[in-house]
Amino acid sequence: MLTYVYDGSLEGLFTALYEGLFSGEEVAEITNNRRYRPSLFSTAKVIATDPEKARKLRRFLQKRLSRQAFQNLVYCYLSESGMEKTILSYIRLLMPAGRKAGGNSHARSREIMAVLGAITQTARKVAYEVHRFHGFLRFRQVRVGTWKNACPNTCTSAHTPDGDPGAEVADTLLSSCGNTHASIDECDGDFYYAPIEPDHNILALLVPHFTARFAGQKWFIHDRRRNLGAYYDGRECRLVSGVEISDQLAASLQGRKAGSEDEEEMLCRELWQEYFTSTALEERKNEKLQKQHMPVRYWKYLTEFE
Amino acid sequence: MDLLEKLGILASAAKYDVSCASSGSNRKNTPGGLGNSAEAAMGICHSWSADGRCISLLKILYTNCCSHDCAYCINRRSNDLPRAVFTPEEVRKLTIGFYRRNYIEGLFLSSGVLKTADYTMELLLRTVKDLRLKDNFNGYIHLKVIPGADRRLVREAGFYADRLSVNIELPSERGLRLLAPGKDKEAILQPMAYINERIVANQEEKKKFKRAKAFSPAGQSTQLIVGATPESDLQILRLSEGLYKKMGLKRVYYSAFIPVAKNPLLPAIDAPPLRREHRLYQADWLLRFYGFSADELLETPAPFLDEDLDPKTVWALRNLDFFPVEIHRASYRMLLRVPGIGEQSARRIISARRWGTLGFPELAKLGVVMKRARYFITCRGSFLERLDNEERIRARLLAGVKKKESLAGRQLPLNFAAGLESYGGETDADLCL
Ligand code: SF4
Numbered sequence: 001m002l003t004y005v006y007d008g009s010l011e012g013l014f015t016a017l018y019e020g021l022f023s024g025e026e027v028a029e030i031t032n033n034r035r036y037r038p039s040l041f042s043t044a045k046v047i048a049t050d051p052e053k054a055r056k057l058r059r060f061l062q063k064r065l066s067r068q069a070f071q072n073l074v075y076c077y078l079s080e081s082g083m084e085k086t087i088l089s090y091i092r093l094l095m096p097a098g099r100k101a102g103g104n105s106h107a108r109s110r111e112i113m114a115v116l117g118a119i120t121q122t123a124r125k126v127a128y129e130v131h132r133f134h135g136f137l138r139f140r141q142v143r144v145g146t147w148k149n150a151c152p153n154t155c156t157s158a159h160t161p162d163g164d165p166g167a168e169v170a171d172t173l174l175s176s177c178g179n180t181h182a183s184i185d186e187c188d189g190d191f192y193y194a195p196i197e198p199d200h201n202i203l204a205l206l207v208p209h210f211t212a213r214f215a216g217q218k219w220f221i222h223d224r225r226r227n228l229g230a231y232y233d234g235r236e237c238r239l240v241s242g243v244e245i246s247d248q249l250a251a252s253l254q255g256r257k258a259g260s261e262d263e264e265e266m267l268c269r270e271l272w273q274e275y276f277t278s279t280a281l282e283e284r285k286n287e288k289l290q291k292q293h294m295p296v297r298y299w300k301y302l303t304e305f306e
Numbered sequence: 001m002d003l004l005e006k007l008g009i010l011a012s013a014a015k016y017d018v019s020c021a022s023s024g025s026n027r028k029n030t031p032g033g034l035g036n037s038a039e040a041a042m043g044i045c046h047s048w049s050a051d052g053r054c055i056s057l058l059k060i061l062y063t064n065c066c067s068h069d070c071a072y073c074i075n076r077r078s079n080d081l082p083r084a085v086f087t088p089e090e091v092r093k094l095t096i097g098f099y100r101r102n103y104i105e106g107l108f109l110s111s112g113v114l115k116t117a118d119y120t121m122e123l124l125l126r127t128v129k130d131l132r133l134k135d136n137f138n139g140y141i142h143l144k145v146i147p148g149a150d151r152r153l154v155r156e157a158g159f160y161a162d163r164l165s166v167n168i169e170l171p172s173e174r175g176l177r178l179l180a181p182g183k184d185k186e187a188i189l190q191p192m193a194y195i196n197e198r199i200v201a202n203q204e205e206k207k208k209f210k211r212a213k214a215f216s217p218a219g220q221s222t223q224l225i226v227g228a229t230p231e232s233d234l235q236i237l238r239l240s241e242g243l244y245k246k247m248g249l250k251r252v253y254y255s256a257f258i259p260v261a262k263n264p265l266l267p268a269i270d271a272p273p274l275r276r277e278h279r280l281y282q283a284d285w286l287l288r289f290y291g292f293s294a295d296e297l298l299e300t301p302a303p304f305l306d307e308d309l310d311p312k313t314v315w316a317l318r319n320l321d322f323f324p325v326e327i328h329r330a331s332y333r334m335l336l337r338v339p340g341i342g343e344q345s346a347r348r349i350i351s352a353r354r355w356g357t358l359g360f361p362e363l364a365k366l367g368v369v370m371k372r373a374r375y376f377i378t379c380r381g382s383f384l385e386r387l388d389n390e391e392r393i394r395a396r397l398l399a400g401v402k403k404k405e406s407l408a409g410r411q412l413p414l415n416f417a418a419g420l421e422s423y424g425g426e427t428d429a430d431l432c433l
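Chains as they are written, first to last, in our numbering: chain C, 1 to 306; chain Z, 1 to 433.
Mixed in with the good hints, there may be bad ones.
Straight-line distance between alpha carbons at most 27 Å, and here's what the computed DSSO-like set of lysine-lysine pairs gives [as the list claims (entries may be wrong)]: (1) Z/Lys207 - Z/Lys183; (2) C/Lys125 - Z/Lys365; (3) Z/Lys183 - Z/Lys246; (4) Z/Lys206 - Z/Lys250; (5) Z/Lys371 - C/Lys125; (6) C/Lys291 - Z/Lys402; (7) Z/Lys371 - C/Lys291; (8) Z/Lys28 - Z/Lys207; (9) C/Lys288 - Z/Lys403; (10) Z/Lys93 - C/Lys218; (11) Z/Lys371 - C/Lys288; (12) Z/Lys93 - C/Lys291; (13) Z/Lys246 - Z/Lys208; (14) Z/Lys402 - C/Lys288; (15) C/Lys285 - Z/Lys403; (16) C/Lys218 - Z/Lys129; (17) C/Lys85 - Z/Lys28.
Note that these hints are calculated values from the structure, not bench results. Keep in mind it's a predicted model, so treat the numbers as computed, not measured.
Turn these sequences into a full structure, and let the hints steer you where they fit.
This is the structure in structure tokens:
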């Protein structure tokens with residue numbers, strides 16, 4: 001059994017898919033190098049990321065697929081839930097050979113339904129989490145600290161709010177060089193900082209909404225689980241990796257008082273907590289329903305539960 | 001009194017208002033401005049309070065001082081409780097501070113009547129006007145219209161708010177006369193009709209001149225209290241139907257009466273009729289999206305909704321001759337009438353059946369709730385389960401409901417108000433897309 005191991009980037013995945021389609025090898029599994037666990041029964045083949053192959057595959061997919069379907073594939077990649085092999089099966093079904101094979105038998109239509117179902121379902125989960133984070137993300141105003149971009153290349157996340165989200169995210173992910181580093185440690189004016197720990201890798205998907213909404217303020221969204229960041233400086237947004245935050249900020253995230261916040265920020269948080277408590281109807285208390293809508297795993301950074 | 005204390009009082013005073021929708025406006029951000037309004041059909045919820053209601057807007061009263069004495073309202077003049085009044089600057093500060101931190105989608109501003117209707121309306125208007133013009137705020141604003149306020153003020157408010165609403169408060173004129181002595185039907189219906197007129201005229205203008213300023217672009221809504229007066233569900237649903245059809249309302253909200261006062265005019269109950277409220281929301285959903293009419297759902301001899309089964313299932317049981325519905329041939333409208341099939345699953349059935357034959361397992365995958373649908377559909381002529389007797393189907397469905405309730409414990413996860421974004425679990429499988 002053959003397992004393809006790619007480097008975890010979208011470009012890497014596209015390369016692996018390209019190989020899977022055209023090398024003639026029987027691929028049992030595709031996985032990224034973080035998830036890969038060697039096993040007795042499988043042989044690993046490391047796929048070196050090849051921008052040319054990745055580009056070709058992307059062009060093929062965008063020609064063949066509707067916008068929605070292409071977006072679903074990108075979302076499946078971002079779900080980080082081991083969908084790579086399913087994506088490969090899906091693309092096979094699109095290929096001319098795949099279309100002819102088996103004609104229109106019942107078994108085949110079941111298979112199509114199963115692959116399609118898995119893809120849509122996963123994509124929907126990712127989209128749902130994006131929707132949730134449009135609401136659950138909380139900014140805090142930070143006075144001390146700025147970020148430095150230590151990467152020599154410029155990695156911009158170009159975006160147009162009205163554009164094609166799947167293609168846009170693919171653009172963003174394919175163009176970032178992957179070796180950017182940001183650290184939030186030096187004082188340089190204030191900005192709004194939001195820590196998140198989503199289940200899926202949705203940071204890039206959050207950018208369009210927050211860029212449109214908070215175009216006039218500087219903000220930094222920090223995926224602390226993956227250590228990725230999206231920094232918006234008031235004009236454009238960049239995706240960065242390897243984010244470091246100052247000790248002060250880290251302390252304040254853990255609920256300890258730190259010098260990095262001023263009174264206005266503290267007052268605003270207190271006001272929100274007051275509002276949150278005052279708006280609940282005692283007579284209709286229903287914490288089960290509350291948790292159903294807002295699972296406890298998302299509570300960590302919610303100001304109202306601090 | 002500091003801002004924190006005021007906020008406590010005035011948020012508490014506003015919490016009985018149930019509406020919290022924040023979608024449908026499509027207000028874009030402006031250069032140098034702050035915020036926009038959700039374009040998504042589905043509004044954004046930022047949090048859920050301990051009662052399980054979605055928090056999307058900063059919902060406050062401008063003041064809880066009131067010159068009226070409505071029996072069902074905690075803010076009535078004769079009630080002894082701490083009172084507070086915001087200033088426009090305070091409301092702006094709260095709104096902007098919360099919005100920038102992504103706590104909220106916008107502001108929901110209502111008020112008790114301070115001095116006169118016009119005086120209060122002026123203050124509300126000034127607040128939202130300053131938010132738009134001085135703070136460049138483009139987030140969502142829902143503004144309550146004070147019954148009896150001058151038209152000129154209502155008209156101006158419509159240009160700054162995304163949604164206007166006038167509370168109808170009680171489902172009948174008699175109820176109003178009895179419990180809300182300061183208000184009358186005309187004071188409520190007139191501004192409603194006027195707002196509708198303006199909205200319609202504005203839509204015409206917008207067709208001609210793209211740049212015409214939007215008037216209450218997310219439409220108008222209203223709310224009424226259920227269970228404080230003796231009206232039946234049929235009366236209430238007929239009223240809602242009329243409001244949707246004749247007044248062009250976007251939404252009617254129902255609020256289970258919470259016994260906030262002891263008064264011989266009010267019914268003596270210990271708990272708000274939540275289940276009744278929940279069934280009304282479901283029935284309302286059927287009116288707006290499923291092509292049902294109030295008189296189909298209820299008939300005069302039994303004018304209240306069934307507490308144990310949802311209104312669509314009850315309708316289906318009364319109309320068994322309409323069934324079974326054949327999945328491969330039925331039109332969209334017919335599919336919608338099947339218990340357990342929602343808008344999403346009906347659409348999915350229609351597109352999936354083009355590809356081949358659907359079996360019962362496939363239907364479940366498409367999001368059909370089989371435990372309800374099974375008695376009402378056929379797939380290529382065959383039943384999953386045939387029970388063509390109303391009583392037997394009913395008994396079976398009830399057994400299912402009871403089992404679920406005993407598993408869930410006493411606390412029913414009832415969705416309500418804007419929380420109810422689907423009809424009784426029929427689109428559960430759809431999540432959000
Ligand atoms: S006018 Fe409004 S705030 Fe005043 S008592 Fe009546 S319902 Fe309450």
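Out of the numbered hints, which ones does the structure contradict?
-> 1, 12 and 17
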